[in-house]
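Asks: Sequence:
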Amino acid sequence: MFWTAFLRGSTRVVNIGKTALLARILMPSQFGVFGIVTLALSLLEMLTETGINVFLLQQRDKLEKYVDTAWFISIVRGALISLLLFLFSPFIAGFFRSQDSLSILRLACLVPLFRGFINPSNITFLKQLQFKKEFLYRFTIVFAETLVTLMAVYFYRSPAGLVAGMVASSALEVILSFALFSPRPALAFRLPQVWQIIHQGKWVTGFGILDYIFTTGDNIIVGRLLGEYSLGIYQNAYKLSTQPMGEINDIFYKVTFPLFIKMSGDKSLRRETILRYIAVHILLVVTIAVLVYAFAPVFISLLLGPAWLSAIPVVRILAFLGITRGITLSFNALLMSQGRQRDVAIVSLLNVLGLSFTIVPMVRSFGLSGAAYSAIIGSVFALPVAVHFISISLRSTVNADTT
0 MFWTAFLRGS
10 TRVVNIGKTA
20 LLARILMPSQ
30 FGVFGIVTLA
40 LSLLEMLTET
50 GINVFLLQQR
60 DKLEKYVDTA
70 WFISIVRGAL
80 ISLLLFLFSP
90 FIAGFFRSQD
100 SLSILRLACL
110 VPLFRGFINP
120 SNITFLKQLQ
130 FKKEFLYRFT
140 IVFAETLVTL
150 MAVYFYRSPA
160 GLVAGMVASS
170 ALEVILSFAL
180 FSPRPALAFR
190 LPQVWQIIHQ
200 GKWVTGFGIL
210 DYIFTTGDNI
220 IVGRLLGEYS
230 LGIYQNAYKL
240 STQPMGEIND
250 IFYKVTFPLF
260 IKMSGDKSLR
270 RETILRYIAV
280 HILLVVTIAV
290 LVYAFAPVFI
300 SLLLGPAWLS
310 AIPVVRILAF
320 LGITRGITLS
330 FNALLMSQGR
340 QRDVAIVSLL
350 NVLGLSFTIV
360 PMVRSFGLSG
370 AAYSAIIGSV
380 FALPVAVHFI
390 SISLRSTVNA
400 DTT
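Numbered per numbering that gives the first Met the number 0, the sequence shown spans residues 0 to 402.
Hints are supplied without guarantee of correctness; some may be wrong.
DSBU-like, lysine-lysine: derived pairs with alpha carbons at most 30 Å apart [stated by the list, open to error]: (1) Lys-132 to Lys-17; (2) Lys-132 to Lys-64; (3) Lys-238 to Lys-17; (4) Lys-132 to Lys-238; (5) Lys-253 to Lys-238; (6) Lys-132 to Lys-261; (7) Lys-131 to Lys-253; (8) Lys-131 to Lys-17; (9) Lys-17 to Lys-253; (10) Lys-131 to Lys-261; (11) Lys-64 to Lys-253; (12) Lys-261 to Lys-64; (13) Lys-64 to Lys-131; (14) Lys-253 to Lys-132; (15) Lys-64 to Lys-238.
Derived Cβ-Cβ restraints for the label pairs, each shown as a range [to be verified]: (16) Val-289 to Phe-5: 20 to 30 Å; (17) Gln-129 to Ala-185: 36 to 46 Å; (18) Ala-78 to Leu-274: 43 to 53 Å.
No wet-lab data here; the hints were simulated from the structure. Where is the CB? At the ideal position from N, CA and C, for every residue including glycine.
I would like the entire structure built from these sequences, with the hints used as guidance.
Replies: Structure follows, in structure tokens:
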């Protein structure tokens with residue numbers, strides 16, 4: 000837990016420092032242009048998600064059995080995303096009425112192309128619970144991306160510098176994944192394994208698509224209805240308000256998911272252990288959300304500067320989203336470790352439905368605050384069903400008192 004928390008904390012400190020510096024070089028509208036690029040790229044990544052990493056983590060077989068096929072799928076997926084992003088970039092720029100984003104969208108085509116060549120064996124540290132090595136590996140990539148981004152933005156004063164950082168970090172991750180991890184894949188595949196990975200990952204794909212719609216649907220509507228400037232304000236408000244809780248969610252998931260799989264395999268997983276993890280998870284999320292709400296004016300003034308003060312009320316509203324979403328996400332590690340990807344996808348679908356029915360009228364009526372309220376409505380809408388699913392999952396877990 001320590002090294003995973005240290006990784007997330009160190010990454011967050013680096014990213015906050017990066018954002019604070021960039022906010023004094025780039026205008027909110029330029030952040031909005033970069034936001035359009037990340038929305039498009041993440042959409043294509045979610046639509047083509049295969050769930051390879053989850054599949055490999057869940058397998059008790061050695062990685063050698065699947066690594067060639069997994070790498071082949073990853074390369075094809077990366078090339079497909081790159082091609083689609085290039086072909087659809089004029090349409091995307093037109094949809095957001097942002098011609099400034101066209102050239103940057105085309106530059107971003109390199110990101111998925113490089114990512115496709117990452118060695119799938121890079122999940123080894125997580126699979127073997129070697130979190131210190133995972134920290135060193137991931138932090139090196141984050142630090143390199145930050146360094147390249149800051150240098151490129153400083154010299155070119157353009158959001159293209161942000162994409163340059165993503166390209167550089169993707170290339171570095173390819174190199175490190177082959178230098179540090181084995182087995183190293185060959186360009187080959189077995190068709191039965193392709194179908195096995197895709198079939199088992201279909202609910203992961205569904206969850207990814209639905210989670211994308213829920214976490215970025217409000218961004219898309221804001222960008223379409225209110226423009227680049229408002230999108231830049233909203234995206235940074237969203238990050239500042241929800242990412243601290245998101246770090247807690249990621250830490251607990253990355254630790255407990257492989258841990259629950261291992262404990263389930265040797266029949267040592269107990270309800271008391273699960274409930275303890277969930278309780279600590281929720282307590283930390285609520286504590287951080289209260290701090291974000293209370294100190295939002297200070298955070299915005301110090302980190303982003305006076306040009307971003309209109310983000311303060313949005314940050315405070317979205318702090319409540321961090322709580323409701325954190326409660327729901329605290330259940331995911333157990334559900335996924337038991338192969339209940341379908342339940343996770345259903346919860347995400349309900350999130351999306353709650354957001355979809357409210358986002359447009361709320362944005363038109365209340366602007367950026369309306370988008371934040373709509374996101375909260377979507378999260379609350381799915382919460383009772385998530386509680387129902389975790390209750391079923393807990394009942395199926397071996398209890399220490401009955402063994």
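Asks: For every hint, state whether the structure bears it out.
Replies: Hint-by-hint comparison with the structure:
1. Lys-132 to Lys-17: Between Lys-132 and Lys-17 the Cα gap is close to 24 Å, so the pair holds against 30 Å.
2. Lys-132 to Lys-64: 23 Å, holds
3. Lys-238 to Lys-17: 13 Å, holds
4. Lys-132 to Lys-238: 27 Å, holds
5. Lys-253 to Lys-238: 20 Å, holds
6. Lys-132 to Lys-261: It holds: about 19 Å lies between the C-alpha atoms, which stays within 30 Å.
7. Lys-131 to Lys-253: Holds - the C-alpha atoms of Lys-253 and Lys-131 are around 13 Å apart, at most 30 Å.
8. Lys-131 to Lys-17: Holds. Lys-131 to Lys-17 sits at ~24 Å (cutoff 30 Å).
9. Lys-17 to Lys-253: 24 Å, holds
10. Lys-131 to Lys-261: 18 Å, holds
11. Lys-64 to Lys-253: With a Cα-Cα distance of about 23 Å, the restraint between Lys-64 and Lys-253 holds, given a limit of 30 Å.
12. Lys-261 to Lys-64: 19 Å, holds
13. Lys-64 to Lys-131: Roughly 26 Å separates the two Cα atoms, so the pair holds.
14. Lys-253 to Lys-132: 14 Å, holds
15. Lys-64 to Lys-238: 39 Å, violated
16. Val-289 to Phe-5: 20 to 30 Å: Holds - the Cβ-Cβ distance for Val-289 and Phe-5, about 23 Å, lies within 20 to 30 Å.
17. Gln-129 to Ala-185: 36 to 46 Å: Taking Cβ atoms as reference, Gln-129 and Ala-185 lie about 25 Å apart, which means the hint is violated.
18. Ala-78 to Leu-274: 43 to 53 Å: 45 Å, holds
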